[in-house]
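Number of protein chains: 2
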Amino acid sequence: MDSLKSNAFSKKALRTKDPPISWLMKMALARPHLISLAAGFTDSPSLPASEVREILDDLWKEPRDVLAALQYGNTAGDEILREWTRQRLEKRDHLNQALSNEQIVIGNGSQQLLSLVTEILCDPGDIILLEDPTYFVFLGIVESCGLEAVPFADSRELRDRLARLKAEGKAGRVKLAYFVSYYRNPTGTSLSSNDKKEIAGILKDFEQTHPIYILEDAAYRDLRFHGQDISSFLAHDPRLERTIYTATYTKPFATGLKVGFAVAPEALVPPILRFKGNEDFGTSHFDQQILQRVVRGGYYEKHLEQIAEVYRKKAGAMEQSLKQHFPKEAQWNTPSGGLYYWVSLPPGTDCGVESDIFKKSLDAEVFYVPGELCYCESAYRKRPCHQMRLSFGSASIEQIREGIRRLGSVLKASTLPRFQHQGG
Amino acid sequence: MDSLKSNAFSKKALRTKDPPISWLMKMALARPHLISLAAGFTDSPSLPASEVREILDDLWKEPRDVLAALQYGNTAGDEILREWTRQRLEKRDHLNQALSNEQIVIGNGSQQLLSLVTEILCDPGDIILLEDPTYFVFLGIVESCGLEAVPFADSRELRDRLARLKAEGKAGRVKLAYFVSYYRNPTGTSLSSNDKKEIAGILKDFEQTHPIYILEDAAYRDLRFHGQDISSFLAHDPRLERTIYTATYTKPFATGLKVGFAVAPEALVPPILRFKGNEDFGTSHFDQQILQRVVRGGYYEKHLEQIAEVYRKKAGAMEQSLKQHFPKEAQWNTPSGGLYYWVSLPPGTDCGVESDIFKKSLDAEVFYVPGELCYCESAYRKRPCHQMRLSFGSASIEQIREGIRRLGSVLKASTLPRFQHQGG
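Chains A and B, in that order, give the protein sequences. Just remember that our numbering sits 1248 ahead of the position in the first sequence, which is counted from 1. Just remember that our numbering sits 1248 ahead of the position in the second sequence, which is counted from 1.
Simulated from the structure, these hints should not be mistaken for laboratory data. Treat the hints with care, as some may be off.
Since the list gives no way to pick out one identical chain from another, each pair is judged satisfied if it fits inside one copy or across any two copies.
[Said to hold, decoys possible] Below, simulated DSSO-like cross-link-like pairs (lysine-lysine); rule was C-alpha separation at most 27 Å, straight line:
no.	residue 1	residue 2
1	K1418	K1265
2	K1259	K1452
3	K1660	K1576
4	K1260	K1418
Chain A on its own, in the form it takes in the complex (with noise of 0.2 Å):
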């Protein structure tokens, strides 16, 4: 055996631990007959494969469309999908023709520009505060580059972390906040315009020697199926100097497609393609040629209709499934979109990892996220574990039901606390 073992890593490999999900996953994959309400993974029978197969036999009969899909394409993106992306973000946020074509750097998924963006501006003891609770592959990334992470859950509590950091001589090191703010990984909520508007002023006036910048995760956004679109923190940025907004169209059309998009503040474009330059000098040419006649040729706003449709009906099973099956002392809010319902049992309750109400709900064959993995670990506050994240996004409709059943079976068959009324 290999005697020389030490010093051989890094500090941040040192730092990255192995994400809950591998764990998680390979545990569903050894249960074959497992219900998963776990992954975040999409609808597959809506996933657009006759779509997919006329743009590929209408890129065939341009020869040298084909070709130029199969070559290298540049760091940045393709040019029309660019384009594209920038004109419809305008539309949205009614931005007034604010954005440039250069502040759109496309990449893999939505994830690769959530890491970059995170690596170019905060080193190793830099703070980012964090909604509570948060999409827990980026607190793997917090993890990783081994920032402070500073939880806080609504406006007030945000004021109240800041005024202690400044207190505490930290102020300095705040770098970034971080916001999943469309029917949020875990929560299914959404960040309201208002409250955007809010959050931009507070981390605005906090800010002293450097900026703050918000870092809007706007991936579930395009998952809408109830109510009306809300203006994204761009809208909120007047000269487009704070916001960093990232999105993707591998969630809402294929995830087997890794396309990704970032809108950034002009300063930051340049870093964040010199480290996509060392990493991969450009995203999938070809899938990125799939998706620019995607868009162009409005199969992506249609395809966002019919999932919505489909998104629509899951909810719905899984909603009333939860109102027949599970004890009344669950609480959620109904999600407008996404992929997820967020229940709370009784604080007291243990759902998490290592709780007989998870392993119970193994043995039943069904398999939910604890949403304690969506708690960063944090001195403000202990970190809850009486919650689960629910997914019906890539469960049929019968799973959803059975699993929900099932789900429901093992917690009437614990004793739970009840919730206890504010102030007793």
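We have chain A; now place chain B onto it with these hints.
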């Protein structure tokens, strides 16, 4: 204007400069009549348009497979692609079933894997040993990670450098040695099997408290058009503990499909996957499903034979033109694979980025990579600027002939010193 600019970027971002190649590419794009012998692009007319079409047709015959291809895969990559990659490599390098599929990680081209491996092993201030000259994009990674680059031209120089590092008390900081071992970018030459064996031994003997890994970038191995294949470093690492081997299906098959791989010692796989999980949790599943069918269906090996013929001809045209048009002072080796000729003018000549020769070449609408960009900054030697990298990858035979003719005219109109004979 925004006055709060200071401290906004991470130390890594401040270290990461614009890659010279992006500047070169912009210049090329601005001159549409330019003959580019600079880019490492591949031959467009021989891209596998009909092969990919066949595979897509077959794929669409199986609706379940289409949906699977359009859905997420996993972080490590497609099982069948990893299995095929492992078997092929074991056979080529006579590894006697030493590898497991778990040691194969699929990435966004091999570039992502070069970046990930460097990141998991090296902290700022660590030392990386580099062939001199080397792949300039990798020099960008080295700079971005804040590493000290120690260049060496051959095994004798490697011994000298290591002795000096030891004498200076820096031995403990050496983490990694990087090799573009096949038809090198930029020199077109390869490292022999004996050289690999000797180098692996030198590095192993130098180890003290921690392993020194060999990062073998075999991106051009499959672009062989003369002679025999050479065993990789894996063949000299019987327990597969020190070698990380990276290669790609992108370069030899279709650069628009971004799928590469690494083979790594077992201990390195978990951190590589953790970093990849944070960056993108998996390479484009659609691209992988195409490539999986490319290799499994025998398209890959067939395509390699076809392009060997193409590049053999193109390299032959470049050789002939160099002989015909370049001044007798120019020297080069004839490559047996890859995409490059590396031409040395007599030392003392300047054909670097700021040189008259480079400017006059651009005026003559021909474009090469100044060799100086392929040398790291180092206290060990001055950065040579009397060489040029000439690519026969994407230019047509006609363009190669015309480009070399123009370059030859520029060189013949310049006053070149003569090569000095050894010893005076």
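Hint by hint, here is what the structure shows:
no. : hint           : verdict
1   : K1418 to K1265 : within (26 Å within a copy, 29 Å between copies)
2   : K1259 to K1452 : between (33 Å within a copy, 23 Å between copies)
3   : K1660 to K1576 : within (9 Å within a copy, 89 Å between copies)
4   : K1260 to K1418 : both (22 Å within a copy, 21 Å between copies)
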